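With the hints as extra help, turn the sequences into a complete structure.
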Amino acid sequence: MDERHKRQDSPLPVSSWLTNVARLCPSAPFEKLSSMDLRAPQHLLCRFGLLSLLSLGGLTGCQTYLDNHYASSLPPTAGVYPIKGLAENASIRRNALGVPLIETTTFHDALFTLGYVHASDRLSQMVGMRLLAQGRLAEMVGPGALEIDRFMRAVNLRKSAEVTYKNASPRLQKFFEVYARGVNAYLFRYRDNLPMDLAASGYQPEYWKPEDSALLFALLNFSLAVNLKEEIASLSLAQSVGLDKVAWLLPSYPDEPLPFDEAEKLKGLSLTGQIPGFATLLQTTDQIAQLNTMGVAASNNWAITPQRSHSGKSLLANDTHLPLAMPSLWNYVHIRAPRYQAAGVSLAGIPAVVAGFNGKLAWGMTMVMGDTQDLYLEKIRLQGTTLMYEADGQWKPATARQETFFIKGQRPVRETLYETRHGPLLNNVLNTQDQGIQPLPLKTRYGLALRTTQLEADQSLDAFFDLSRAQTVERAFELARDIRAIPLNLVFADAEHVGWQVTGRYPNRQEGRGLLPSPGWDSHYEWDGFADTMLHPYDQDPPTGWLGTANNRTVPRGYGMQLSSSWHYPERAERIAQLAGSQTRHDVRSMIAMQYDQTTPMAAKLKAMLTAPGMAQPLKTAIEALPADQRTRAREALDRLTGFDGRLAASSGDAALYEAFLQESARHTFADELGGTDSAAWNALVETADLSYSAQADHLLGRDDSPFWDDIRTPQAEDKPAILARSLAAAVMTCEQIMGSNRNAWQWGRLHTYTWQTNSSKLAPLLEPAQRAKLAATKGYLNHGPVPAGGDFSTLNVSAYHWGKGFDTWLVPSMRLIVDFGQPEPMLALNSSGQSGNPASPHYEDGIQAWLKGNYMSFPFQPQNMNKVYGTQRLTLTPDR
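Numbers in our numbering are just positions in the sequence shown, counted from 1, shifted up by 3.
In short, the hints are calculated from the structure, not lab data. Everything numeric in this text was worked out from a predicted model, so none of it was measured. Keep in mind that a hint or two might mislead.
[What the hints assert, rightly or not] The list that follows gives simulated cross-link-like pairs (lysine-lysine, DSS-like), each with its CA atoms no further than 27 Å apart:
{"#": "1", "residue 1": "LYS248", "residue 2": "LYS316"}
{"#": "2", "residue 1": "LYS162", "residue 2": "LYS87"}
{"#": "3", "residue 1": "LYS856", "residue 2": "LYS782"}
{"#": "4", "residue 1": "LYS382", "residue 2": "LYS162"}
{"#": "5", "residue 1": "LYS248", "residue 2": "LYS382"}
{"#": "6", "residue 1": "LYS268", "residue 2": "LYS248"}
{"#": "7", "residue 1": "LYS782", "residue 2": "LYS808"}
{"#": "8", "residue 1": "LYS808", "residue 2": "LYS608"}
{"#": "9", "residue 1": "LYS871", "residue 2": "LYS316"}
{"#": "10", "residue 1": "LYS399", "residue 2": "LYS177"}
{"#": "11", "residue 1": "LYS270", "residue 2": "LYS212"}
{"#": "12", "residue 1": "LYS608", "residue 2": "LYS623"}
{"#": "13", "residue 1": "LYS212", "residue 2": "LYS177"}
{"#": "14", "residue 1": "LYS765", "residue 2": "LYS363"}
{"#": "15", "residue 1": "LYS177", "residue 2": "LYS270"}
{"#": "16", "residue 1": "LYS382", "residue 2": "LYS270"}
{"#": "17", "residue 1": "LYS248", "residue 2": "LYS212"}
{"#": "18", "residue 1": "LYS608", "residue 2": "LYS248"}
{"#": "19", "residue 1": "LYS765", "residue 2": "LYS782"}
{"#": "20", "residue 1": "LYS765", "residue 2": "LYS808"}
{"#": "21", "residue 1": "LYS871", "residue 2": "LYS856"}
{"#": "22", "residue 1": "LYS610", "residue 2": "LYS808"}
{"#": "23", "residue 1": "LYS169", "residue 2": "LYS212"}
{"#": "24", "residue 1": "LYS782", "residue 2": "LYS248"}
{"#": "25", "residue 1": "LYS363", "residue 2": "LYS382"}
{"#": "26", "residue 1": "LYS177", "residue 2": "LYS162"}
Here's what the structure looks like:
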């Protein structure tokens, strides 16, 4: 074993760590620790209440000590520093929130400096994302991350990155090489002064390779595909309620028919207990999703034509939605080099401006909700020591590959992963422990194989990079059509025109819609190539005066290609249409108002349903049949909800009651059939609501004939009015239990909050007890919140919670961007966290207040305005020859 892994086998003893913290924080009450046996981790967690001691009191005065201790991990912001790899001097100035302006005399130096800046601001994030994509998190985290690594090795993003990088142009490969040298220049200089989370883990980051940037691009593409998680969740639901009822739980859109035909393809199969490792797969995909990746239905963008703007020139707005995190996935950069200038959001590790403005063109993106993944059920069995799978009546050997997992604190593990003709098997088909079934050789079981578009060759990287150089909408269209690896709604604008183009690669399915896994042994469900790019939807300068997307269905039913079979809720898109079409002229102020809008159209739909002729009287009858205490509460809830204006302000009591009703209606409708709110099936239902238009919304606003209205726990047969009456009463009880009986004290922000957590904190359940103790002790230093929140999953100012599991926010606008071509300096923007991912930095969390209050940053492009925003203090990097 090499020295790197030997070092990982010897983590910092807890006693040594506590000694260091005590030394750094002399005011903390550590006297009681002197007699502790620090070799016993359970003492830390239970006997002495150390977590409470540190998190509630011990670290209150320690932020300064920790900041000082890790100050050496922060790069300077001024001075002259020689760096090997530069051709000429490079300048880095920063605005009040730490966003860098990179100024160079050559483009290669700009890329080198961008790599240096990305590493200085987000090194831990870059390292963590790379390890996740490689399937190597256990090397830093320990054995708790091994299942995540198994899954990511199976998905094999490394192979996808190899294909992507190999097919990039020599020019772009050179750009990636120069960028990697900049990252490594920083790593070399600060190899002994790492940020706190990396230093505490004991992991020594490897140097950056050009292919690593392609790997993060592959991770981004994989993360923006929702269908894998949907199919896994759908399969869990089918196991619980059966294939005859599962279609009721898989709606595509309010006006789409339920997918009964999709469930038919699996008719006759007994799936419960027949898929080895399925419970582990469910848990693992959820853990990966919590790390800001995998299946996030997200983002708004819109553009206003010159005819609808106050200035007579175009406007563009974009806010991409991602899980609430510390730091945000995005960071802002501004680059000025000969023949290149661009400002906007970047992903640390990838040398590109992902969404932004270059002085002539603005561009932004949302997810298409494109269905570019399919799961296949594979019949599998062992023949001797060979894993076989069935294909059209014949048994074929699965392709096997060996993978070695290095694990912090343990010996390496060598395992075999398998692939069928459709792709890798995601469930551990030889592990039967989690389901208690018979050993595999005695009976045919099922594997789950993943087919994706990830291994198709194209030049998406070149097109994605060159988009930031485009000067016109017409050129943006040309480049967007060449972006095949990632399904996006790209909206762009120049001063005179606006446009929308769908990117990606979409399979032609011979049969099936991709909502449930397909039978892999039947070739009728194979892909027949991909849709022609000429069929990809687009629009330019529409007569309505605006265009926009919000993960909604953007094409009519029956469109000539299948973009998706599951879209997000329509309310955000409907609200864009209301606001974009409501004014004769728009300007930057109306764009800001739209991005911070917290009114949900769903409240009006709910009122219309509750007061409809076919519902109003039966609902009142059902309320009168309730016990007296419930009857009073239900009447109150009905009166307030039918008068609610739909504004989900954090201070609103009616908003709190409305959201409590949404939660209770889901519980009373589905919990009985799904085995309660702690079951795997319930978690799957909640997950489908996170990803797309859900059964919760579909039943609440319609589906009066659904079998799920009957409460199977009672002898009588309930109907929708009876379930809604119970839900109304329960919503009031929920508010009373959490916020008290005083209605004036009810506020949505008391139920619904923002909490910014680092990925280290999200990984805590995977850590050993001693590691969790260390992390818990510093959570007040690493994390931020809670802060009262408004809005929900259906508002433009998104603040989504898990519909069916609490009210805490998990999804937010992770950045905001506005470009008004009628302004002397068109671009304004915000991030949802600080610029830096290093908690010792003054720019670790200072962006949060700006994001909460709408204090946008200006990104000046005219030289005379640079000093006002970026000042004159600069860090100058010089060639070290």
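Against the structure, the hints:
1. LYS248 x LYS316: 52 Å, violated
2. LYS162 x LYS87: Roughly 32 Å between the alpha carbons, so the hint for LYS162 and LYS87 is violated.
3. LYS856 x LYS782: Status holds; Cα separation ~25 Å.
4. LYS382 x LYS162: Holds, because 25 Å separates the two Cα atoms, which is no more than 27 Å.
5. LYS248 x LYS382: Between LYS248 and LYS382 the Cα gap is close to 24 Å, so the pair holds against 27 Å.
6. LYS268 x LYS248: Distance ~14 Å between LYS268 and LYS248 Cα, so the pair holds.
7. LYS782 x LYS808: 23 Å, holds
8. LYS808 x LYS608: 23 Å, holds
9. LYS871 x LYS316: 25 Å, holds
10. LYS399 x LYS177: 42 Å, violated
11. LYS270 x LYS212: 48 Å, violated
12. LYS608 x LYS623: 19 Å, holds
13. LYS212 x LYS177: 12 Å, holds
14. LYS765 x LYS363: Judged against 27 Å, a Cα distance of about 40 Å means the pair is violated.
15. LYS177 x LYS270: Violated, at roughly 53 Å.
16. LYS382 x LYS270: Cα-Cα ~15 Å, so holds.
17. LYS248 x LYS212: 50 Å, violated
18. LYS608 x LYS248: 26 Å, holds
19. LYS765 x LYS782: 11 Å, holds
20. LYS765 x LYS808: Measuring from Cα to Cα gives roughly 17 Å; hence the hint holds.
21. LYS871 x LYS856: 22 Å, holds
22. LYS610 x LYS808: 24 Å, holds
23. LYS169 x LYS212: Distance ~14 Å between LYS169 and LYS212 Cα, so the pair holds.
24. LYS782 x LYS248: Violated - the C-alpha atoms of LYS248 and LYS782 are around 44 Å apart, more than 27 Å.
25. LYS363 x LYS382: 55 Å, violated
26. LYS177 x LYS162: 20 Å, holds
Hint compliance for this structure: hints 1, 2, 10, 11, 14, 15, 17, 24, 25 are not met, and every other hint is.
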